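Number of protein chains: 2
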Amino acid sequence: MNGAVSMIQTLVNGGIDTCFTNPGTSEMHFVAAVDRVDGMRTILCLFEGVCTGAADGYARMMGKPATTLLHLGPGLGNAYANAHNARKGHTPMINIVGEHATWHLEHNAPLTTDIEATAAPISDWVRTIRTAADVPADTAAAIVVAMQPPGQVATLILPGDCAWNESVAPSPAPPMPIPAKFDAAAVDNAAQILQRGEPTILFMEGIAMQEEGARLASRIANATGARIMGRTSNARIARGAGRAIVETQPYVVAQALDSLAGTKHIIHVGPSGPPVAFFGYPDKPSIMAPPDCEYHRLAHLNEDTLGALEALADAVNAPPEPAAIYERVLPPLPTGSLDAAKVWATVAHNMPEQTILVNEAITSRFGSEKFMAGAPPYDELTITGGSIGIGLPLSVGAAVACPDRKVINMQADGSAMYTVQGLWTMARERLDVTTVLFNNSAYAILQHELENVGAEAIGPKAEAMLDLGDPEINWVKIAEGLGVPATRVRTAEEFNKQFPRDLNEKGPRLIEVMI
Amino acid sequence: MNGAVSMIQTLVNGGIDTCFTNPGTSEMHFVAAVDRVDGMRTILCLFEGVCTGAADGYARMMGKPATTLLHLGPGLGNAYANAHNARKGHTPMINIVGEHATWHLEHNAPLTTDIEATAAPISDWVRTIRTAADVPADTAAAIVVAMQPPGQVATLILPGDCAWNESVAPSPAPPMPIPAKFDAAAVDNAAQILQRGEPTILFMEGIAMQEEGARLASRIANATGARIMGRTSNARIARGAGRAIVETQPYVVAQALDSLAGTKHIIHVGPSGPPVAFFGYPDKPSIMAPPDCEYHRLAHLNEDTLGALEALADAVNAPPEPAAIYERVLPPLPTGSLDAAKVWATVAHNMPEQTILVNEAITSRFGSEKFMAGAPPYDELTITGGSIGIGLPLSVGAAVACPDRKVINMQADGSAMYTVQGLWTMARERLDVTTVLFNNSAYAILQHELENVGAEAIGPKAEAMLDLGDPEINWVKIAEGLGVPATRVRTAEEFNKQFPRDLNEKGPRLIEVMI
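Protein chains in written order, with my numbering: chain A, 1 to 515; chain B, 1 to 515.
By construction, these hints were calculated from the structure, which means they are not laboratory data. Please note that a few of the clues may not be correct.
Which copy? The list can't say, so a pair holds if one copy fits it or any two copies do.
Said to hold, decoys possible - Think about it this way: if two alpha-carbon atoms lie no more than 25 Å apart in a straight line, the pair counts; the simulated PhoX-like pairs of lysine-lysine are:
id, residue 1, residue 2
1, Lys-64, Lys-284
2, Lys-461, Lys-264
3, Lys-497, Lys-284
4, Lys-461, Lys-497
5, Lys-64, Lys-461
6, Lys-506, Lys-370
7, Lys-461, Lys-370
8, Lys-497, Lys-264
9, Lys-506, Lys-284
10, Lys-181, Lys-64
11, Lys-181, Lys-284
12, Lys-64, Lys-497
13, Lys-264, Lys-506
14, Lys-181, Lys-506
15, Lys-506, Lys-461
16, Lys-284, Lys-406
Because the structure is a prediction, the values reported are computed rather than measured.
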């Protein structure tokens, strides 16, 4: 068998069965090989940022990597932003990047570029395959790297001749890495800190933010009075009725400083550093906790975080009940003209249990908390690396991973535009995603940020750079053009009527909300 | 004044007056500063690949750089593919990439990434500004680098605090670099080779492919019997009635090998290496010329190529007439069902003089030569780096550069999707671009390439990866959604009627041609 067949069989042997693809000429042997191996699902995306964003959403829900298939350096460039988000969120991912045949590289053909250098900033591991015989071992190595807890981005570069030349037998499933043991001394130390009764935050990231971790942390809070807080954005967070309430660090610096004021101890349950601001601003600090705050580690992200939380709960004699849980409260349906908060009220009112809520609403998420607190249990996925343009792709990946769960994508307009091609893949794969598109015709977050950075009085050119209203974008037409049925609503009553109707459909829908 | 103001004033002083922007928080001081300096036009793009592609189109027509304004590493990632194309085409370009405040970097905020490493593969020069006081000198240095003949990509990284802190006075216009002198000995050598009468090709790139260079080369051909040939894809090429006929290297390897068979000498007028295949294929060579072909240099790209051609024309006593010129021939208007060739016939029939023809038709360009040979004089811009998704952005930039010339964008559908956001900027800036969108609902080039690489019998999954027909994409809706009036045509008669109607409008139009 050739290298491409051996690679795909090695992936399947290792449990990797989904590939988000945007191939070109140098990937044609991989493409030809997918029909010669059982068990690899290939999902075509029309832009590479959709591939990496979808692989991210898939892995957040499945706990194992998908692969992407990308075309040389420029294909990887297009995939960069969402690979960055994945890496920052510790998502397991395997990027397979085609490369010129090894002997063609020296001729500097138009598409020749330094793929390894391009991959390095967005990858935990990069390897270029040297010969077809190396394909299975290198592929197995990529699987192991990606599965290294908590999850890593592995980029494997496949030259054309390594794909088409005769290779060797596929590798069997490699032994999968498991989380490192937690440190018992760190647990003892954390318990001692908590028992002092000083203002303490359990600062959490990764699996600690999912249902079991949040519940353990909340039980600890119940025993000790500690607060539990996650980062502003999280790969996956358990929310809704019955789940433990976990704060998240406010995005706005003044609010974060207020929230963290007086904190004496921060115990890291995952994070490797203090709570920091998203951006640096003139005359504002980078670290959101007070200067005299002390930092302690319960567990690193690569350690058995849930085990550490369980041990800590025991050490502080935590009761079985969490400190506070969300209660199912059906918010009243809003009326009148629409704003973002009203949209969230209707969403919370109607969303089914076990919804996967992809949240790239950006400024339109402000005000959502009070309504979503009363929602049925759901998982929320947000942008981990700050690079907008992930909502549609994340939704693709989550829907591929969980075909029996509804995906609701709360989507800002400016962000959606970067990876608008994701709508087509939703239509092609009949994915069960309802996208609520907030059309505010602006980069509204930047209107806030222009003030936050203290930029002086704004002139017309600056204003124009934050305005998406000329011409007005019609998302209904764009969605329909890409094969997704869509409607536009302008009032709460219209949204109240349309949203449940779309939820009842099995397949992609988009509602453009004019706010 | 702060660093941002000093930067913009330095750019304007250096003749740089156009900025294609997609800013984020870290660029807000730059955004605020554009109203405080006279003479910088800012053009908002909704995806960074549009910024770099537009800057490329602008520079190809203006011979000087535009700047882009990009948001951190992920923004540069999104800009990568078209920056790659620009670099391969030796386009002058200045990318300004915002970065976190210098003191914020150590905290590894979500958007932190290695911007210099990201920029390196697509830049001839990368510099991170260290302090606000360095801004004007570093900006002037970037201008000089970009203008270094034949043109370079300079990437200048601007940390937030360097933008907002007090800076020093803007730099005056830097002394602009000029092409190096050509080598008289190289001219003598080329003349001797040509006078041997052996099969010889003048292999050309860069400015030699524009009107004056092509005419000089053709006069040399007239005197010596040499062939003149450019690369498959060229930054800018002069075509149409009255212009000298220049061959281009065929894309398909078998055709290129046929075309170059028997060649004894290749004289480089720009290129630094032999004619090579776009990709490496099993059992096919990388170099398209025969193994015993000898290579000679007339001029490097950074040298005064036109001067060298002129000297060579004198040395071989070239007559004033070129060997062959294109004649204006009005092709008959086609009838019946549409195919790509018929579309080109109608285009050649109707296009106005001095059209800028952006050609990303990919497989739909096959068969166009016989019709375009009879077109009125025009400039053609193609993909120099092989990374598809450049047609819409190139058209934006060319139309910004040349508001009095019609831009016709011959556009493949699969390629258009990568940078579809370019349509919105056309609408916003009322750019005079008529896009002819070939909807063949496939990555048709890959259907060819699957055969070319010798991949075995194709299965249904492989076929699906080359098919864009499920769901069918409706480009009329997409264009209208982005503010560009559009129509769909299915017959030659419909296209014959619609195309001149759209050309008569001043502003963007799209015609979706179902083939």
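Please flag the earlier hints that this structure goes against, numbers listed from lowest up. Going through the list in order, the structure violates hints 1, 2, 3, 4, 6, 7, 8, 9, 11, 12, 13, 14, 16 and respects the others.
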